[in-house]
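Participant: Listed here are the chains, written in short residue letters.
There are 6 protein chains.
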Amino acid sequence: MRKDGRLEPNELRTVTIETDYLKHPEGSVLITAGETKVICTATVEEKVPPFLRNQGRGWVTAEYSMLPRATAQRNIREAAKGKLTGRTMEIQRLIGRALRTVVDTEKLGERTIWVDCDVIQADGGTRTASITGAFTALAMALARMVEQNKLNTFPVVEELAAVSAGIDGEGQTLLDLCYEEDAAADVDMNIVMTASGRLVEVQGSGEEATFTRAQMNELLDFGEQGIQQLIEAQRHALTEIHQDIPDWMKGVSPDASSFNCDE
Amino acid sequence: MRKDGRLEPNELRTVTIETDYLKHPEGSVLITAGETKVICTATVEEKVPPFLRNQGRGWVTAEYSMLPRATAQRNIREAAKGKLTGRTMEIQRLIGRALRTVVDTEKLGERTIWVDCDVIQADGGTRTASITGAFTALAMALARMVEQNKLNTFPVVEELAAVSAGIDGEGQTLLDLCYEEDAAADVDMNIVMTASGRLVEVQGSGEEATFTRAQMNELLDFGEQGIQQLIEAQRHALTEIHQDIPDWMKGVSPDASSFNCDE
Amino acid sequence: MRKDGRLEPNELRTVTIETDYLKHPEGSVLITAGETKVICTATVEEKVPPFLRNQGRGWVTAEYSMLPRATAQRNIREAAKGKLTGRTMEIQRLIGRALRTVVDTEKLGERTIWVDCDVIQADGGTRTASITGAFTALAMALARMVEQNKLNTFPVVEELAAVSAGIDGEGQTLLDLCYEEDAAADVDMNIVMTASGRLVEVQGSGEEATFTRAQMNELLDFGEQGIQQLIEAQRHALTEIHQDIPDWMKGVSPDASSFNCDE
Amino acid sequence: MRKDGRLEPNELRTVTIETDYLKHPEGSVLITAGETKVICTATVEEKVPPFLRNQGRGWVTAEYSMLPRATAQRNIREAAKGKLTGRTMEIQRLIGRALRTVVDTEKLGERTIWVDCDVIQADGGTRTASITGAFTALAMALARMVEQNKLNTFPVVEELAAVSAGIDGEGQTLLDLCYEEDAAADVDMNIVMTASGRLVEVQGSGEEATFTRAQMNELLDFGEQGIQQLIEAQRHALTEIHQDIPDWMKGVSPDASSFNCDE
Amino acid sequence: MRKDGRLEPNELRTVTIETDYLKHPEGSVLITAGETKVICTATVEEKVPPFLRNQGRGWVTAEYSMLPRATAQRNIREAAKGKLTGRTMEIQRLIGRALRTVVDTEKLGERTIWVDCDVIQADGGTRTASITGAFTALAMALARMVEQNKLNTFPVVEELAAVSAGIDGEGQTLLDLCYEEDAAADVDMNIVMTASGRLVEVQGSGEEATFTRAQMNELLDFGEQGIQQLIEAQRHALTEIHQDIPDWMKGVSPDASSFNCDE
Amino acid sequence: MRKDGRLEPNELRTVTIETDYLKHPEGSVLITAGETKVICTATVEEKVPPFLRNQGRGWVTAEYSMLPRATAQRNIREAAKGKLTGRTMEIQRLIGRALRTVVDTEKLGERTIWVDCDVIQADGGTRTASITGAFTALAMALARMVEQNKLNTFPVVEELAAVSAGIDGEGQTLLDLCYEEDAAADVDMNIVMTASGRLVEVQGSGEEATFTRAQMNELLDFGEQGIQQLIEAQRHALTEIHQDIPDWMKGVSPDASSFNCDE
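Residue numbers (the UniProt record's numbering), protein chains in the order written: chain A, 1 to 263; chain B, 1 to 263; chain C, 1 to 263; chain D, 1 to 263; chain E, 1 to 263; chain F, 1 to 263.
Please note that the accuracy of each hint is not assured.
Identical copies go unnamed one by one, so any copy, or any two together, can satisfy a pair.
Stated by the list, open to error - Here are the computed lysine-lysine pairs in the DSS-like style, where the Cα-Cα straight-line distance is at most 25 Å:
#, residue 1, residue 2
1, K83, K150
2, K81, K47
3, K3, K23
4, K150, K47
5, K81, K3
6, K107, K81
7, K23, K150
8, K107, K47
9, K23, K47
10, K150, K107
11, K150, K81
These aren't lab readings, by the way, just hints derived from the structure by calculation.
Here the structure is a predicted model, which means the values were calculated and not measured.
Generate the whole structure from the sequences, applying the supplied hints.
Facilitator: This is how it looks when you write it as structure tokens:
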């Protein structure tokens, strides 16, 4: 049995995605994965960063932060320190890069989508939960832009989610590590994958251990299973807001293939 | 009728205080006042800042922040800017100063209580909601320290809450302004008061208007009413966790008017 | 008898206002209140901050600083630390907000007035002395703009000054606290008021004490008396430069109660 | 034919490692991989960071920077900007983490090894060249500590090197991308591996593309080949300084298996 | 005739040195040189910077700043910018280095003297006026330490002052340039010299011009004359406070050679 | 005999200047003076800083840095500290000011030349080696602009180099101090001079010692000799690239003593 009571090594934690969690943002969710809770919002800005001006393309960027008591020990605020930690920079670069892979920035037009991931409570896997939640908030914001005729077509190419996997001290591969498992793991991997099983990002590392190609393959197998379930959860969450959105998006149901079809 | 539908000028918005909102902190609440939502946590640290070392006294300090999309327009993160705004500094100094007024720091011993107020959604009155919520989180953390025999006595001297009041463009005094009212007000006042009606902090200002002593008195009258109701809400919230805390806290207030009773 | 030798609780310290203290600024004074000495200057800039562009209105903003040895212990320079303290931010926001209350920014046109308050020597009441001095420097700069036909009308709506009041450990209300009194006070209040007795800003707080509504009223009564005397001192100072300024300023105030007359 | 004239997709660029490149550091190399040139140094400090004090273990940490004109366009210095970019943070965290995987920090004792990687000229693959060069500089510094009896045993567990691989716009897998290839690649992967073929770190990502499990495997196959050659180059470089170092290290020859044996 | 009305090229501006200008510092002066006005203070701290600990020696360090409206155009505060300019750093390093040349830091003991130079009004020569004023404030603070038996001997080795000289567009050498002269000069030199005519610091530069050895000699000749007069002014200023200080310092008279004798 | 083995007090260390050291910059050299090694590059940017816009003139500016292990003890990176030290600011201001003295910025047109000096290895005299190397890199970049018809005339007015001189503890004047000599010197002087022997910049200082006019003259005599030899080295280095540059540069100097001749 696993440290948080799960029975199987390839078992995902319970995931919930509450849509329209906040009043002001164009898209927002509260995603929970076990005890990990992240608020993800998507904000539409009608301009692009200087390096993209006058190219007819948009941009998607992400920021990530934790509340000071998201963790067992209080963390000093980065705003109080006056700078971001390397960990934060690394995570927000990862989130932005992953999301850009599935957005057609030409269809988006000269706009920036700011995705904010704020971890309210942390119990392992905050960066992967952020990506999974961020995709949902982003899809909501973009769907509303179609609904409001600000976009002609839904610019998402394919759905995307993320999960962690790791290898514990006994060599056991585990899916979706909770904090206690993560702290004790020899190898830690974060996997971002699309609905069709294509890889977007793979980051595997062992701080004081190494791993074989065979182990790497098992980590990816576990991740692939988890991501399929997470994409189901995203579809389920987005379905719930169908009453208020136009027909084209209702295709995004668990059994319909076409999340992003706008026919 | 008021801009958010309230019927009376001296009517408070609906207040809810959800205790133990987060898993890790020693005390935590989610306070909502109308559409304003703030997570307040209290963290106990077993040391004091350098200027207080070896004096046998403790310290209470506060930090305040907003999620970027707590507001209608996205705000740039202070961590990204690399510094706190003057507004944030002003607010967190106010919260800390107010809380210290009602804590007996000698009874607290050489410890620091860090109070974090993170605004999840803003609709006016975030600093006063932060104070009201912060007091509750602080009381929870201190009650647990008594329960765990880390403290001999509960070091809170008296209960405390805060509310805003203002004067609108027609000269009407209003209690507990929502954002739309606040943005249009000529005069804005924040009032922090104890259960016995003593003033802790009064900050009244008019950016482009002035006010009379008579108006000031009406603002304080409105504030006093609101604060009595907020203290009732705090007592109600703390009562809910009574099963898990010792008897002594059930009659905690100095003068038997009973800190936490609403029976 | 008071700690600095004054005989009455409602007695102001000796105030002097030396006009045209510096050569370069459009308006400048050295104000002394007892041992507290502040250089206040007003600078006219022919543009406004981005948020005000093309609105036909001006802006008044303030900055505040202390020399390192203005105080008994040397303070580290904020420039060396690389950031402003919360105290400085709070004070400069207060000064700017107060001054804006009495300037008609539409009459000012698209200009910014920068008010700089630099404390040369500190003995309590530096923020209130800054406001009283800053108003005088600002009025000088604006009067010269009228004289030079850069402004058609003098854009000051009403005169304004500021003073502190407090309650000592024995419950005695005191006006215009010197540093020694301030350090020992239970309650500290800063009051900004116009010549006609209207309130601009009230900030009262007790770090480790609370106060009643009755005490609050006495603090305001004391403040009101002090402010009348400070406005007389401002008028006296401005009168001295009348030889060099046009007639219109000799009866500048809105209701003939005469901004600058002390004849 | 490849953009820089190489004939084979799995061909490494010419690698040279000049040892003792600088006079002062305990270990230093100039590593060149094609047109990419990096100075790597290792500095021994006789203390550890606060979080490791009194645990009997050491630490290895890395810093990375580029000269402003290492690149075709001049980059603003991070020292002038006042902060590190996310890219720099990400790279130096990667280098440090990778090196720690192959150092037995208990054998190192309470010391920190600072590894500095300064890119003099950039033409793709600066982070992987940094890791390959950094390992050599680190090994030199540690070997000298053994020689000087500051260490009883050589604390390196196994040799390590790094290389990039990618997929170009036609789906062709390429080893060791030069800048022009890297800028045009759909997928980019950095691989850190030990002499025995165990993975230390895998980071694969596609900014605007995705990749399959099969492609991932080919990228790893290419990387594995490249790393074997890079480890040969490291061994060759270290062999050249054998005259000045003790016998135990001479085992680190191209044909001997055991770089780190000290039996 | 010179731009500020002086008749001779080697004529110093009027210098005044007002001692004990501020209440709190151990030593303080207001020095004026023509229209340039600088407040210089000396603060005694009973510890040394880390690099000097336990060496039985003291330290003298300086900080320099300008009020925003010391100049014709308002300067942004360095505290607001969050960092010191290169000009400020250069000047405060110069002041500190010059003062350390004439203080016997072993006699000073493990103490730091902080010298603060704050320019109230600038009209050229602020760095040299700062040095001349700073020496006087420093001497006052050290004399008082002798008087209070905190020091056995007066640790000043020799008196010191500073002045500028320059070459104008017509090749004329000028002493003690006012701002208007300085802005138009081809060559600018700052000279720090002791009472006995020994050089402490020479900094000569031409931004868009060069100069000959012969011109350099004339600049030094002018500087030497000016510095003798400035040292007379220092002696005169210090003599005025002799009533309050012990006999040994009275030797510091205009006609006595020995400022620093304590035999 | 001198500490690094030189036989004469007025003997320069061996100087080498390797041109086109880096691939990307418009001009670049590796200059070595004894054990001191500096990479100097010149970058052409087709715009000027805001204060020079639309004036038809260019700008030359310099930045200076050291690798962390350029020195015997590792230095913390300024990028990691988040700010430049005063020493760095002082040096880069000196380099820029010196270079601007010999460039006709009107002939340069509205362009900025960024000169970067990065010290790879330090053994005294890094700032003077930087100036000598920087001039060569600058001349290379400007010559290429003439060659490419981006400039009509070569905008360098005269050649320039820099060297240090000092006085040791026995009063001996020394030219071109190595680190060990510099650390023990009583007086340190940096001299920047043109080919025709005109002074550009003189900075002489004694941290804990003073010096006479006679000593100052000897320091300048030594400097003058050294600079003539350094200018020969620059000419020699530039000659090597003559095959690739147009004829006009072969007789570039103002008085036919021939900028680049080494006949």
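Participant: Check K150 against K107 for me: Cα-Cα at most 25 Å, and say if that holds within a copy, between copies, both or neither.
Facilitator: within (11 Å within a copy, 41 Å between copies)
Participant: From the Cα coordinates, with 25 Å as the cut-off, is the pair K150 and K47 best called within, between, both, or neither?
Facilitator: within (14 Å within a copy, 36 Å between copies)
Participant: Reference check for the pair K3 and K23, CA-CA at most 25 Å: within, between, both, or neither?
Facilitator: Between. Shortest inter-copy distance 17 Å satisfies the 25 Å Cα cut-off; intra-copy 36 Å does not.
Participant: Please work out whether the CA atoms of K107 and K47 approach to 25 Å or closer within one copy, between two copies, in both situations, or in neither?
Facilitator: Answer is within; shortest intra-copy Cα gap is 14 Å, inter-copy 34 Å.
Participant: Regarding K81 and K47, is the shortest C-alpha distance of 25 Å or less found within a copy, between copies, in both, or in neither?
Facilitator: Between copies only: 20 Å across, 30 Å inside.
Participant: Indicate which option fits the pair K150, K81 if close means a Cα-Cα distance not exceeding 25 Å: within, between, both or neither.
Facilitator: neither (40 Å within a copy, 31 Å between copies)
Participant: Using 25 Å as the alpha-carbon threshold, which applies to K81 and K3: within, between, both, or neither?
Facilitator: neither (34 Å within a copy, 39 Å between copies)
Participant: Which holds for K23 with K47 at a C-alpha limit of 25 Å: within a copy, between copies, both or neither?
Facilitator: For K23 and K47, only the intra-copy Cα distance (23 Å) is at most 25 Å; the inter-copy one is 37 Å.
Participant: Could you place K83 and K150 in one of the four classes (within, between, both, neither) given a Cα distance threshold of 25 Å?
Facilitator: Neither: 36 Å inside a copy, 35 Å across copies.
Participant: Please sort K107 with K81 into within, between, both or neither, judging by C-alpha distance up to 25 Å.
Facilitator: neither (39 Å within a copy, 31 Å between copies)
Participant: When no copy is named, should K23 and K150 be tagged within, between, both, or neither for a Cα gap of at most 25 Å?
Facilitator: within (20 Å within a copy, 41 Å between copies)
Checked against the numbered hints above, the structure breaks hints 1, 5, 6 and 11 and satisfies the rest.
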